[in-house]
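Protein chains in written order, with my numbering: chain Y, 2 to 500; chain Z, 2 to 500.
One thing to keep in mind: the hints can contain errors.
You can't tell identical chains apart in this list, so a pair holds if it fits in one copy or across any two.
Unchecked claim - With a Cα cut of at most 30 Å, we get these calculated DSS-like pairs of lysine-lysine: (1) Lys62 to Lys213; (2) Lys305 to Lys472; (3) Lys213 to Lys305; (4) Lys472 to Lys62; (5) Lys405 to Lys472; (6) Lys401 to Lys305.
Simulated from the structure, these hints should not be mistaken for lab results.
2 protein chains.
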Amino acid sequence: MWEDRIQNLELRGRVVSADEAASWIHDGMTVGISGFTRAGDAKVVPLALAERVKREAKPLKINLWTGASVAEEVDDTLVRAGIVARRMPFQSNARMRDAINQGEVMYVDAHLSEMVEWVRAAELGPLDVAIIEATAILPNGGIVPSTSVGNSPTFAYTAQRIIVELNMRQSPLLLGVHDVFVPGPRPHRSPIPLTDASDRIGAPYIAVNPRKIAGIVITEREDHFAPLPPVDDDMKAIAGQLVEFFLHEVRRGRLPKNLHPLQSGVGALANGVLSAFVDSPFEHLQMYSEVLQDGVFDLMDAGKMDIASGCAITVSPERAGRVFRSLDRYRNRLILRPQEISNHPEVIRRLGVIAMNTALEADIYGNVNSTHIAGTQIMNGIGGSGDFARNALLSVFMTKSTAKHGHVSSIVPMVSHVDHTEHDVDIIVTERGLADLRGLAPRERARLIIDRCAHPAYRELLRDYYEEAVKRGGHTPHVLEQALSWHVAYQRTGSMRQA
Amino acid sequence: MWEDRIQNLELRGRVVSADEAASWIHDGMTVGISGFTRAGDAKVVPLALAERVKREAKPLKINLWTGASVAEEVDDTLVRAGIVARRMPFQSNARMRDAINQGEVMYVDAHLSEMVEWVRAAELGPLDVAIIEATAILPNGGIVPSTSVGNSPTFAYTAQRIIVELNMRQSPLLLGVHDVFVPGPRPHRSPIPLTDASDRIGAPYIAVNPRKIAGIVITEREDHFAPLPPVDDDMKAIAGQLVEFFLHEVRRGRLPKNLHPLQSGVGALANGVLSAFVDSPFEHLQMYSEVLQDGVFDLMDAGKMDIASGCAITVSPERAGRVFRSLDRYRNRLILRPQEISNHPEVIRRLGVIAMNTALEADIYGNVNSTHIAGTQIMNGIGGSGDFARNALLSVFMTKSTAKHGHVSSIVPMVSHVDHTEHDVDIIVTERGLADLRGLAPRERARLIIDRCAHPAYRELLRDYYEEAVKRGGHTPHVLEQALSWHVAYQRTGSMRQA
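Chain Y on its own, in the form it takes in the complex (with noise of 0.2 Å):
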């Protein structure tokens, strides 16, 4: 019954159908709505925009953002009707992909820690409309978030006015999951007293003035997971690298025995390497990440995570299930902030976060890509590994040595987009090796990555590269006629062995 989610009695009165609510949003308007990795995600008010835009026949484009990735049939049917003339702040559609790639929609992918501060300082226009995918609605009328919190807190606080998608399928157990807290206004701001990745410092719900809340949707759409791949021996091999790794941290006494909060990015590398940690001696750990995804729940299922915070659970489609219906097992251990919180540059440095993220490619200096392939097309957007990589105790960047059957080594001589500089690269992990690069300059960075990290079939090549460069001189050598060829010949071979 959706009468007992909705506990505020006047708001009752303003469940609407998708139709309606869709019918409030016009051409030019800017539209924030829920989403964070695919969880969460408004999903039945955009696709009823989208219907009527198709019926009508009546061009109509809005400027979409959203916390992170929603779930592929929102952004793949809004850029099918022609909808989304800007997108912000991350995406992960392949149409939406093309879309930008071929100069059709403009995108702006952003640290995700830090795009709520241009909303609040009104950097970026009025947002007109938030639609906010919720459990339920308290009687303050305090939205409840579901599977992810993401921007929603200030899209709702900002916006002219509030769609709420009351999503029926999500747990009502997930109140009581959320902690949300939002910065005051600048130059005064207060710390964020936050200490602690199991820390409460906010409320379980997005308070907002009820009369803002114009429309209540209630839908029974689930969130859309994307399966994980199994974990396989290159994942194994990067985790056992990294467990090692750590282990001899231990032993210097660098790190203490549960390890520090742990980040790991989203994808399927990053969640089998997490997996693979069940096997490691590592017990009482935390995490202090942006997506919980089926990795934390192995390590809260063999005992040995006591706390994960993050900002949305995105498990595998097998998994959801598992999770959502023993979710009582799970509650007291979970925290779901605002990813401007879960991502923030202030916390992540206090808490000395171990940050985990997932490399297109790396150069031999240390220079990490995230999101351009052959410097040009975007895959997804930097997401959070900025926030991370900036601020962790430990940055580390983990990649295949190789890609498409071989063709594409992820060691070039010099990357052909930089998101991550060497500077806020510590460690570079693939299934060959680890290099350690922590107070290395770049001439022996160079060695080191080569000799751990990178593909035997590629390991000479890069050695003559850099043999080559540092006839040249330079503190960071490179022979700049030569040093995207690879990347050339990719685009022009489909191989980086013509190079």
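Given the coordinates of chain Y, assemble chain Z onto it according to the supplied hints.
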């Protein structure tokens, strides 16, 4: 009388010659010395060490850590004596630069806020000796720094032994200007309790166990500041663009009338632009910066600046006499902090600092190179620019549109080295104009940067490149085989015009 400045009676017995103190430094040691942008650096003991090595003709190598750059004579003499194996985290000396670029000195340039985290976590190995210039030693043994704080507190806390250079030429009025606060250990660190640039949160001295002070060397060797060139028309034009932009933001209600705390990068351009703010309508300005240069005192003299928080006072030789002889006029408005705090991501983000740094070059998508000429030869280092640019409310990068008498364009198709990614660059300004990049996608950024910031002599060439790149598509269009061709042409012919 030096006795007046050593107020701990026991420590008066530890006065030694520079030669004796230098004799405690042995081959293979790591030595951390005070000094930031040539202010408050340890001078006589490092020079005595160089003398000894020359005299003894016995090879000796050390790892040299500092706050940032130190006096020309210190880096120059040490590198000429062949003493420096490794150098961290910043330098600006011609001979040191050459040695680094030739691979003779292993140089690790780092975000200036971050190095002490590595030192405390023992990630760089032990610190054998700290040499710290002081104005006075208090009865409790507390060391009062001189014209900079830099990394000295953490060097003093972690070093095996401390050598103090008590500098009789540094004004005793500096006592009370410093605010020494060092965050606690992670992962259970408390917030940094600083919420206004004027806040004092620590002690006016470095608290150490007096037993760790192995020796005190009395010196009268002054800080050796570099002259600043006069403010030229280009600097005035850049300042004019910025003032107009800030006024626009105030009118739009996005900035208060006294703006937010300002950071201004090191060097002639940044200083000249800050000086030119004397003619702006802004009042009650605050600095939250790393180095306080002449421009700060210009603004204070003009009654426009209320408070200046930094980590060093580095003024031109012409200005130094006036500032330090009249320190009484300024001292209540000056705060010198450890560079960890002046540059701390937590504080910069909280205060919403307006960061104004200089670029060597920027590309059409807004990526910035602050350090490497033609991608290989380092100039100085990333310094604090990343600490500020990443976390600022507004991140401005300024550069003249050309260098080398017009043979180098500061706006290029692709930067040859990335220190600051497009995500960390809000505003690019040259004497030609200002590009406000907030909320823009790469293709939009490119058109704006070319139109507003590039020199007319290169504008059409940049448009040609961009149009060719767009034909190939991509979120960030590039013609990879030509992306670095301007730099290659510069390397080959001395001019980008030949690209």
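Verification of the hints:
no.	hint	verdict
1	Lys62 to Lys213	within (24 Å within a copy, 68 Å between copies)
2	Lys305 to Lys472	neither (50 Å within a copy, 52 Å between copies)
3	Lys213 to Lys305	neither (43 Å within a copy, 42 Å between copies)
4	Lys472 to Lys62	between (54 Å within a copy, 25 Å between copies)
5	Lys405 to Lys472	between (32 Å within a copy, 25 Å between copies)
6	Lys401 to Lys305	within (26 Å within a copy, 55 Å between copies)
When each numbered hint is compared with the structure, violations occur for hints 2 and 3.
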